[in-house]
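A.B. asks: Those letters in the sequence shown? Residues 142 to 764, per the numbering used here, in order.
Just so you know, the hints here were simulated from the structure itself, not pulled from any lab data. Where hints are given, some of them may not hold.
Claimed, not checked - Keeping only pairs whose Cα atoms sit at most 25 Å apart, straight-line, the calculated SDA-like set for lysine to any residue is:
no.	residue 1	residue 2
1	K270	R283
2	K507	F560
3	K564	L553
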Amino acid sequence: MKRLETLLEWGGIRKEIILLVLGGLALLASILGWRPFPFDMAWIAIVLCGIPIVLEAIIGLVTAFDIKADVLVSIALVASVITGEDFAAGEVAFIMQLGALLEDLTVARARAGIEKLVNLTPQTARRLKDGREEVIAAEQVRIGDVLRVNPGETVPVDGVIVSGQTSINQAVMTGESLPVDKQAGDEVSSGTVNQFGAFDMRATRVGEDSSIQRMIRLVQSADAGKAKIVGIADRWATWIVIIALTAAGLTWLATGQVIRAVTILVVFCPCALVLATPTAIMAAIGNATKHGFLVREGDALERLAAVSRIAFDKTGTLTYGTPQVVAVQSFQQGLSEQALYAAAASAELRSEHPLGKAVVHCYRTKTHMEPQPATQFQMLPGRGVAAIVEERRVLAGNLELLQEKRIVIPALVQEAVKFYQQKGCTVILLAADGRMAGILALSDTIREDAADMVAQVKQAGVTPVLLTGDHENAAGQIADQLQIDEVRANCLPEQKLEWIDQYQAAGSRVCMIGDGINDAPALKKAYVGIAMGGIGSDIAVDAADIALVDDEIRELPHLLRLARRMMITIKCNLAFSMTLNFIAIILAMNGVLNPVVGALVHNAGSVLVILNSALLLKWRKRK
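Using the sequences and the accompanying hints, generate a full structural model.
C.D. replies: Below you can see the structure in the form of structure tokens.
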């Protein structure tokens, strides 16, 4: 059986398309009466399109006693051939293979997200032993080993810094774009990137226990636990087979006419039923594509229609993911805020720190001026920068830097720093010639359409939730501005996954929207995962069911409404196809329909189903 399955899968979708084209041409030739061979041309469609259906039905019955829609189709095909109704058999086979092809086209290609995560795993580590530095394989690191991590290197295992100061890019774990200052005693995680100063660390969790390995396992387990939606035709297949066979058998016994029984089997073939779902899905996918969504899983929209909660990551999803200067405040007599801003931009001009770059970029954008070059620039990892700006010694950095340089920080400044930090801002303190000069407050900015989008999501009956790795103050500020009531802050990847798992275990279907590597497990675990495709990581996109190509979240409410409209269309298609089938059965029982006419009737039903589904291509809710 395995060899037979392999043979049927050979050639993939390209083979299916070729067989369908040849089968369709053969049926057309049969209708026109063209017979270059000593047999009806419909036999080409029977062989090319019908035999694979029969073989798949046999495999399903033999290996797992799996009764699907193709079982009834196979019975109808065989009965039609036995009674000499070749065209009816060929037409049924063609329509069913067309439905199977449409389903295959809606299935996403195999994803490589886990492989990309594996590639993030550091391969080597610098171990300090007996005063010497040696490079070893990362898997050889043991708990208690002292390791050195140079600027630009990835932290090989989880551990604690024993000496040195630096800034760590923790986006892989928390999703936050801004690096976090670290010093002796602070914890660091594997997979995060050391940006500036070198430091020594003691390993605390290694191998399979390290943070990056745990994330890989989370992604794998979440993917394995997500059940796939079974096609409606296959879901109802057992009852369809029983009803069709019973109706055909009773008609044969009552009338003694086998042709009527065969006609019942032909008209009861679930062609329209099989086409109802994939045609609607493909049309809806086409609509979603025009609005910037790449649907990577065929059943993603079907699942999206049923969600009751949408969990939003903050940075890069509801916000732009880049810090902006939101406040400049001078605390030195004779020093204007404009002059303070210019001095800060000059001092940070050569800085590689994201905050420093943000200050320079915002200054250029706001003033349309170029910062004056500074001299004697010095990068102070984990603390800030120092430079000579217009003959003044300028310090720009955190509280630790100014305390280290013995700069007196008045209570008024401390209150201002606390005020902005409570609003979720990052604060840069500035000193000039040994005196406190002022502060700059930076904050991530909300996307222009975020508030309206959240309001429309609520109107659709879906509860928005903020699920972020950022600290509580920043998360709370964003939630207040967007009127999101449910907030979960300081979430590591496993905590995001646990939150989603808890809600889904309680019967609430969750859609997760994120952009970072840290969101990958949650995107996999969620009932539906949507990734920001423009700024998001490749790993997040690979883990998601849907990718938002242009990052325009304002279209999210349309996607929700489209998914629900698609389900209405599918239900209408199903109701129509089943009603048509039952009417055709009654007519067949009374001898009004023969197999060929019956095949044409239910073929007309299939065409109407396709046309109804096609309306989804341009559907949009009227305002």
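A.B. asks: So, for every hint listed, does it hold in this structure?
C.D. replies: Taking the hints in turn, this is what the structure says about them:
Restraint check: the Cα-Cα separation between K270 and R283 comes to about 12 Å, which is no more than 25 Å; the hinted pair holds. For the suggested pair K507 and F560, the alpha carbons sit about 24 Å apart, so the restraint of at most 25 Å is met. With a C-alpha separation of about 17 Å, the suggested pairing of K564 with L553 holds against the 25 Å cut-off.
Every hint, counting from the list given before, is met by this structure.
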